[in-house]
Amino acid sequence: MPVYNDGVEVSHVSKRFGPVLAVDDLSFTVKPGAVTGFLGPNGAGKTTTLRMLLGLVRPDTGSATIAGHEYRELRRPASVVGAALEATGFHPARSGLNHLRVYCTVNGYPSRRAEELMDLVGLDDAKHRAAGGYSLGMRQRLALAAALLGEPGVLILDEPANGLDPEGIVWMRRFLREYADAGRTVLVSSHVLTEMQQLVDHVVILNRGRLVHQGSLTELSGGNSRVLVRTPDPERLLRALRDAVPAGVRAEPSGLDTLQVCDLSANQIGRVAFSAGVELHELTPGPGDLEQVFFDLTRGPVDGPVEQREPA
Amino acid sequence: MNLLIAAEFRKLFTTRLWLWLLLGTMGLTALYASLLIGFSEDPDTMTAPLTTPAGQRTLFAVASGGANTLVAVLAAIGITSEFRHKTASATFLATPRRTSVVAAKLVTYAATGAAYAVTSLLVVAVIAVPWLTAKDIDINLLGGGLPGTYAGVMADVVIFALLGVGLGALLRNQVAAVVGLLVYRFVAEPILTGIPALGDWTIYLPGSASAALTQVSLTTQEYLQAWQGGLLLAGYALALAGAGALISMRRDII
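Protein chains in written order, with the numbering used here: chain A, 69 to 380; chain B, 1440 to 1693.
Read the hints as simulated data drawn from the structure, not as lab findings. Possibly wrong hints are sitting among the right ones.
To be clear about the criterion: a stretch of chain B counts as covered by chain A if any three or more of its residues have a C-beta under 8 Å from a C-beta of chain A, and this derived list gives those stretches [claimed, not checked]:
(1) 1459-1467
(2) 1513-1527
(3) 1533-1539
No residue lacks a Cβ here, since even glycine has one placed at the ideal position from N, Cα and C.
Isolated chain B, as found in the complex:
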């Protein structure tokens, strides 16, 4: 298994995609953090003031939004490119037990997700600390419940990596997996959560489960407890990966 994971890391780092998506994550996180600080004194803002611990937790929670979707895309591409570029034959020749390949990818992309999450949190810190200091706002990176937010961000991004692997394993088609992910995240779920009649159960959607993990949001919506959201999101990821490994991966490689 260690060899398999090492091989997956080698696959990941011998093309540049991880770097581009990491730069994308840093850019997106920087954008979110800047917007949040820049508009923090706007009378219409829905976030708590940045002088409060709640406001500062919300600020650091943007790190998950900057990283999670792109990590899922990276992971989905990581598995679907085996089929797109027809390296699946060579991969399964080396490792006839296909579930082991899926497991190795889950581990590899979970670790990659953790690294993305840390990077994304650092981007927030690098922007927030000087900016807030300039605004004469005190910020203690280890206080005000912030470590809990860091943990939530880490868990969220890691689980999104698992979701990406799972979705990719199930669909095998790269375009379908990536477009499906993006459309769901940026179009479908925002619309669903915006329908008041569905309010009761939209808290169980992956995006809401993800928001529950960091316990902050720019909307007024209610969320599950953090641990419930985390378990639910991990459940989605593992269900997809399990279905992918047991159904889709067993299909003939032609």
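Here chain A stands alone, though its shape is the one from the complex:
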């Protein structure tokens, strides 16, 4: 099995678009042999970061390298890194196959390679159709095919699951898993963590252009305990909890009659509810719901050092 020592390194990268600081002193690394999720809400700076990594957007400060080189220095980029970016287009009148053939030609691969790739991504039946008539899912497959052209050691995909049907998502997941298991580097961005939960080994989480978390997926879910509470009177329960815990209670309503209470045990909550006379319908302690953790990490100013620094 080949070993690819082709990690990705982003080091103190910043980028401003007019008044907006899109990426703010961002550093992270992506290791080979694993699938890394690049997560954050829309507008967090994911696409800008990927475009800086790929030499399409010039960072104001810092550097981003792939396999130790800036993208522009790569001599045969297609064989080092393949990228499928969101909002990367196709000429609507050009067939999918011809689209790939253009990039086969420019990279010096025979046209046969385009046929193989169309087959690989499951577009064989549609290869002679104009790409303008492709569904979003088919465009995603075509973009992936283009990224795979040179069998690169690093694969960078921006929101690849967007528009894929469930079958397509399963297929993509299996494909990326195998790709990473062969020792290659896979970086996949998404704004929907649940999409990624079953796929990624590591996560890099971004919010407002800044890194808020980097680590393994298990680390992410382990840190935070929460308890799901269902009660017909969540407001009264919350008041009682706040009275009982002077230091403050972090709780989120998640539905009409449901609360997610952080950092308190089910026992503590049950006791408070009992003494306050609040009726409970459910009290479920659980490991932090990943989605909720993600939500907490990437929502507006809560606490901690991350959100205190507003873009100047």
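Here the structure of chain A is known, so what remains is to put chain B in place on it, guided by the hints.
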């Protein structure tokens, strides 16, 4: 570089635009040539009689007018569609050196322009030879200075292709580039050259430089020498392409 040029040709020939604009060029050239022959005996005509070599050179020079603007449009679309259809990302991922992409497009569209020019000249020949023969006018396609006119037409159309690439590279916006080209060619420059007070310097405008290349015109205006016009027009094209490559193409691809 050869691979890049081959890829540009593949882009060009995997959509139909080149064919439509080539048909447009043939139609336009046929129209111009027919009008010129049809009205050649009109007492008000400003062209030399078709029995003279000068008249025959003027006739073949219409091939450039039929082809040059449409070739420039084809070239401008060829580069701006990368931005309109967002294929620029993929193009620059494959070729991070963006000036190389502009250079490859210049070569590709110059060659395409040459092919358009040849086609356009053939259209004139196909119309002119039988028609003039029917009028009992002798025409020698290799005499009367005609080869010089062919060369002028070729140079003119090729340089217009470069102009199109350059303008497209600079503007990046397809509508702006195409509309700008058409408005300049058919509205702005005719108005400018029609203002007598500007007479001295309108000979340096691209359209006049283009007319200088074939040394014929339906107006009575003076032109630069052919080589001067050619150099000037090529200068415009390369200035646009250079500015496009160095300024506009370096901008972020978002």
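Checking against the hints above, which ones are violated?
-> As far as the earlier hints go, only 1 is violated by this structure.
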